[in-house]
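Q: Each chain, letter by letter, is given below.
There are 2 protein chains.
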Amino acid sequence: MVYEFLIKDLNRIKSQKSIGTDKGLAKIGDGIVNLAYSVAKSIFLTKNNLRDKIFRTGSKVSKQILANALKNADMKDFAKNRADAHDLADTGEALVAYVWLSKNLTLNGIIDFLTNNLSGDLTNRSEEIKSATIAFTNLFINIRKFLPEK
Amino acid sequence: MVYEFLIKDLNRIKSQKSIGTDKGLAKIGDGIVNLAYSVAKSIFLTKNNLRDKIFRTGSKVSKQILANALKNADMKDFAKNRADAHDLADTGEALVAYVWLSKNLTLNGIIDFLTNNLSGDLTNRSEEIKSATIAFTNLFINIRKFLPEK
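Line by line, the protein sequences give chains A and B.
All residue numbers for the first sequence refer to the numbering used here, where the first residue is 1 and numbers rise by one.
All residue numbers for the second sequence refer to the numbering used here, where the first residue is 1 and numbers rise by one.
Think of the hints as simulated: they come from the structure by calculation, not from any bench.
Since the model is a prediction, treat every value here as computed from it, not as a measurement.
We put the beta carbon where it would ideally sit given N, CA and C, even for glycine.
One or more hints might be untrue.
For the chain B half of the interface with chain A, some residues (derived, Cβ under 7 Å), not all of them [said to hold, decoys possible]:
(1) G31
(2) R56
(3) G58
(4) K60
Please build the complete structure, drawing on both the sequences and the hints.
A: Structure (structure tokens):
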């Protein structure tokens with residue numbers, strides 16, 4: 001099934017802010033981001049441990065990580081004016097949902113992208129925050145081409 | 001990328017309980033279930049309203065709904081003995097994750113299945129609970145063929 005009709009209204013306006021500040025989109029994006037990161041982290045940990053152990057984890061990505069990633073990607077223009085960290089994170093999630101609903105990126109595509117952009121020791125909390133921030137920064141930069149110019 | 005190596009250990013044992021009581025699998029499944037239901041509900045509400053309105057929602061499926069669906073599907077054997085509602089819901093989520101990681105069902109497949117199995121007025125909370133319970137009951141029955149016999 002094609003889900004693009006779920007963003008028909010946004011495609012009529014097609015502005016950075018209408019997409020980036022849509023609350024429903026942010027909620028759907030929250031689910032995509034957390035699921036994709038959970039699986040990517042599971043894959044990364046399973047492939048990068050010496051004991052041949054299999055990891056399955058459900059890991060939530062903090063709002064701070066997503067907010068910083070959006071800033072690093074220089075995409076604050078998609079958020080509302082004077083956005084706080086929570087708003088910026090919501091914007092990041094909304095953008096991911098928009099690109100996913102537009103069929104420009106699949107869930108597996110996001111998982112693979114994140115997996116390939118993770119590094120370091122993810123069992124160390126501060127290393128994980130650094131690594132996840134980089135991975136999401138790169139993801140945002142990568143999806144920008146599917147989003148409106150202004 | 002293929003994610004089946006994430007369930008290699010479970011495929012070695014391949015028992016109903018080892019899959020149905022795996023905590024990591026339940027966490028991944030939680031993300032799949034909630035994302036799939038959010039999109040299915042968005043699609044259903046968008047297609048079934050008279051004002052041509054577009055709905056985008058992030059809706060969490062309650063543990064009670066998943067627990068009842070697993071019971072209705074007669075699949076309590078996958079859960080641990082004396083399982084409470086929370087345990088049964090976790091089992092339902094773990095089963096969904098297992099089937100998804102086995103590539104026997106895609107996220108889009110789950111979304112389409114749920115959409116087609118929803119009915120009634122989902123803006124009415126008690127109707128939604130009934131409808132979601134039926135949809136997940138049917139989903140569990142549908143994935144049973146991809147799970148071990150005992």
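Q: Each of the hints needs a verdict: does it hold here or not?
A: Do the hints match the structure? See the list:
no.	hint	result
1	G31	3 Å, holds
2	R56	3 Å, holds
3	G58	2 Å, holds
4	K60	9 Å, violated
Of the hints listed earlier, the one the structure fails to meet is number 4.
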